[in-house]
Amino acid sequence: MKHRCRYAAVNTVGVNHNWRYLIVPNSRFYLLKTAVSGAYNEDTGNKHPGEMKEIERTQVVNMFFKKKEEKKEKKELLYRENVHVNCESDTKENIIRKVGQMLVDSGYVEQPYVDGMVEREKTFSTFMGNGLALPHGIEAVKDQIKSSGIAVMTFRDYVDWDGEEVKVVIGIAGVGEEHMDILSSIAEKMLDDATAEQIRTCDGDTLYQILSGKE
Numbered sequence: 001m002k003h004r005c006r007y008a009a010v011n012t013v014g015v016n017h018n019w020r021y022l023i024v025p026n027s028r029f030y031l032l033k034t035a036v037s038g039a040y041n042e043d044t045g046n047k048h049p050g051e052m053k054e055i056e057r058t059q060v061v062n063m064f065f066k067k068k069e070e071k072k073e074k075k076e077l078l079y080r081e082n083v084h085v086n087c088e089s090d091t092k093e094n095i096i097r098k099v100g101q102m103l104v105d106s107g108y109v110e111q112p113y114v115d116g117m118v119e120r121e122k123t124f125s126t127f128m129g130n131g132l133a134l135p136h137g138i139e140a141v142k143d144q145i146k147s148s149g150i151a152v153m154t155f156r157d158y159v160d161w162d163g164e165e166v167k168v169v170i171g172i173a174g175v176g177e178e179h180m181d182i183l184s185s186i187a188e189k190m191l192d193d194a195t196a197e198q199i200r201t202c203d204g205d206t207l208y209q210i211l212s213g214k215e
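Numbering (my numbering), first residue to last: 1 to 215.
Be careful, since some hints might not be right.
No farther apart than 25 Å at their CA atoms in a straight line, the calculated lysine to any residue pairs in the SDA-like style are these [what the hints assert, rightly or not]: (1) Lys122 <-> Gly163; (2) Lys142 <-> Phe155; (3) Lys214 <-> Thr201; (4) Lys122 <-> Met180; (5) Lys74 <-> Met180; (6) Lys92 <-> Glu165; (7) Lys189 <-> Glu110; (8) Lys142 <-> Arg156; (9) Lys214 <-> Val175.
Each pair of labels, with its calculated beta carbon distance range [as the list claims (entries may be wrong)]: (10) Gln111 <-> Glu76: 35 to 43 Å; (11) Glu197 <-> Asp162: 19 to 27 Å; (12) Glu110 <-> Thr201: 28 to 36 Å; (13) Asp162 <-> Asp205: 29 to 37 Å.
I should point out that these hints are in silico values taken from the structure, not numbers from a laboratory. C-beta: ideal position from N, C-alpha, C; glycine also.
Kindly generate the complete structure, drawing on both the sequences and the hints.
Right, here's the structure in full:
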């Protein structure tokens, strides 16, 4: 059946059986409106016997449609409990899984995001220079991010990161453009030699203040 839509202000996102689903702009939970005014036989073009009553429905269908501009849950970017200093050295993968698990435990990401962080390192090192690594998930697991957040580990001794020496590892989960904002903010701090040295060697409370912008 072919239907004539009377709501031009909303965007058509698909046709399913006898209903044409329309997504309402700026809706928080993918509100859909279904509006049908008159049904026509697609083959003959003749009006279907009996006038259909105009129907308008609003549904919450999180599992079906996603909008890039969806607002994610807002949380603090960094919690004090996600700052671990003076840690024992470990393998690169174990460290990534540790910072990733902190992101999971704090509600920033779902578990598959951690695997995506490990996967990224197989093709692209997240070593940034100046003793810093910023592991983050591949594009395929971006939908596993619930809120932007970071988790931090510093080490007594340098960690081998694909042949590079690392003392600061910051796991990152960024929603949309916030990802680049987080990377830029951290990189800017580490470009300053004095600040970078402080980040590598300071206590947990001080590091939290520096990275959370509360110093």
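Each hint, compared with the structure:
| no. | hint | verdict |
| --- | --- | --- |
| 1 | Lys122 <-> Gly163 | holds (14 Å) |
| 2 | Lys142 <-> Phe155 | violated (28 Å) |
| 3 | Lys214 <-> Thr201 | holds (18 Å) |
| 4 | Lys122 <-> Met180 | holds (21 Å) |
| 5 | Lys74 <-> Met180 | holds (17 Å) |
| 6 | Lys92 <-> Glu165 | holds (11 Å) |
| 7 | Lys189 <-> Glu110 | violated (28 Å) |
| 8 | Lys142 <-> Arg156 | violated (32 Å) |
| 9 | Lys214 <-> Val175 | holds (22 Å) |
| 10 | Gln111 <-> Glu76: 35 to 43 Å | violated (21 Å) |
| 11 | Glu197 <-> Asp162: 19 to 27 Å | holds (23 Å) |
| 12 | Glu110 <-> Thr201: 28 to 36 Å | holds (34 Å) |
| 13 | Asp162 <-> Asp205: 29 to 37 Å | holds (31 Å) |
Of the hints listed earlier, those the structure fails to meet are numbers 2, 7, 8, 10, in rising order.
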